[in-house]
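First residue of the sequence shown: 96, per our numbering; consecutive thereafter.
Straight-line Cα separation of at most 30 Å, DSS-like style, residue types lysine-lysine; simulated pairs:
| no. | residue 1 | residue 2 |
| --- | --- | --- |
| 1 | K391 | K289 |
| 2 | K289 | K403 |
| 3 | K134 | K121 |
Derived by calculation from the structure, the hints in this document are not laboratory data.
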Amino acid sequence: MNYMGKPCPVCARTFRDEDDIVVCPKCGAPYHRECYEEKGACLFKELHKNHQSWQDIQPEEPKKSENDETADEVSICRRCGAHNPLDAIVCKECGSFLSREINPPAGSQSSNSSTPKDGPSVGNTSPFTIFLDPMGGVAQEEDFDGVSGAELAKYVKNNTTYYLPVFMRHKTTGRNRFNFCAFLFTGGWYLYRKQYVKGALLSLLYILVELGALFISMQFSSPLINEANRYYEGAQYVNINDYISWALNQKSFGDLILMFLPTLLSLLYLIVRIICGLRGNKSYYRHAVKKIKTIKENPDTTASDALKEISEKGGTNNAIAWVCLICYLIIYFAPLFIK
Numbered sequence: 096m097n098y099m100g101k102p103c104p105v106c107a108r109t110f111r112d113e114d115d116i117v118v119c120p121k122c123g124a125p126y127h128r129e130c131y132e133e134k135g136a137c138l139f140k141e142l143h144k145n146h147q148s149w150q151d152i153q154p155e156e157p158k159k160s161e162n163d164e165t166a167d168e169v170s171i172c173r174r175c176g177a178h179n180p181l182d183a184i185v186c187k188e189c190g191s192f193l194s195r196e197i198n199p200p201a202g203s204q205s206s207n208s209s210t211p212k213d214g215p216s217v218g219n220t221s222p223f224t225i226f227l228d229p230m231g232g233v234a235q236e237e238d239f240d241g242v243s244g245a246e247l248a249k250y251v252k253n254n255t256t257y258y259l260p261v262f263m264r265h266k267t268t269g270r271n272r273f274n275f276c277a278f279l280f281t282g283g284w285y286l287y288r289k290q291y292v293k294g295a296l297l298s299l300l301y302i303l304v305e306l307g308a309l310f311i312s313m314q315f316s317s318p319l320i321n322e323a324n325r326y327y328e329g330a331q332y333v334n335i336n337d338y339i340s341w342a343l344n345q346k347s348f349g350d351l352i353l354m355f356l357p358t359l360l361s362l363l364y365l366i367v368r369i370i371c372g373l374r375g376n377k378s379y380y381r382h383a384v385k386k387i388k389t390i391k392e393n394p395d396t397t398a399s400d401a402l403k404e405i406s407e408k409g410g411t412n413n414a415i416a417w418v419c420l421i422c423y424l425i426i427y428f429a430p431l432f433i434k
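All chains should be modelled from the sequences, with the hints used to inform the complete structure.
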């Protein structure tokens, strides 16, 4: 039996999780242990005579309608205690970033609130609160191809101050911004941002290019370059034109291709990196909007459930990011340990 929130018959204080509660063995009435010991007996002797239970005299709690249950799900600001709509990202009173969990019903007070709801206004808050707006200056109601700014922020989760202004710029001007993380980590970044198909293909391409370049270098390029170095032994300076001239005169055109193929493969993948950097933000924007729309279009999903699902399916995959980083490091440093 859960007695939390019920009043003690002696002191009238409501029961809390940390309270030591004892229950009358005859009628089931709950007491604080010290209150029961103070009285020495149960107060409901009439119930004992009539063989009734303490539960029989408790007022019946009114049933909540669906609208009431939805209204109780609010986000309470941990800084100022203001009640905000469930889908709000920042507090309407102080501008602080709201918790992503559903807070207690609107009638209760947040345990972490330091000031009342009608406490300090935006003008009295720290300037850092304003400049560190988690929405990056984008309104929560802003429309992004059928998706609100608040929904997009819930899906992005991490680094919203970067992505939301970038998405806004793309929507209003069509201009993009270079994504250096996508440029540096390519497939790893796509996997980290839960774009699994593109991420898997780019990661596979990276592995094939690196391992292919390593194999060609060990089997063909390095022996040919060593042979060319012996040919030019004693020369003060040897440039790439000398290597090309040697390969064409002493070897075949195919040997020339094999000699420089690892470098060509690296240049090819550099082009792929640049494309990822140029198109990374646009790709992520389209991916996020598509995922959010798919969730919202489900007829069996309520607005509250949709927001929870958007938050769960969005964000980042930290585990796969670490796995990719370790794999990249192994492949990158593998030539140092292979003779």
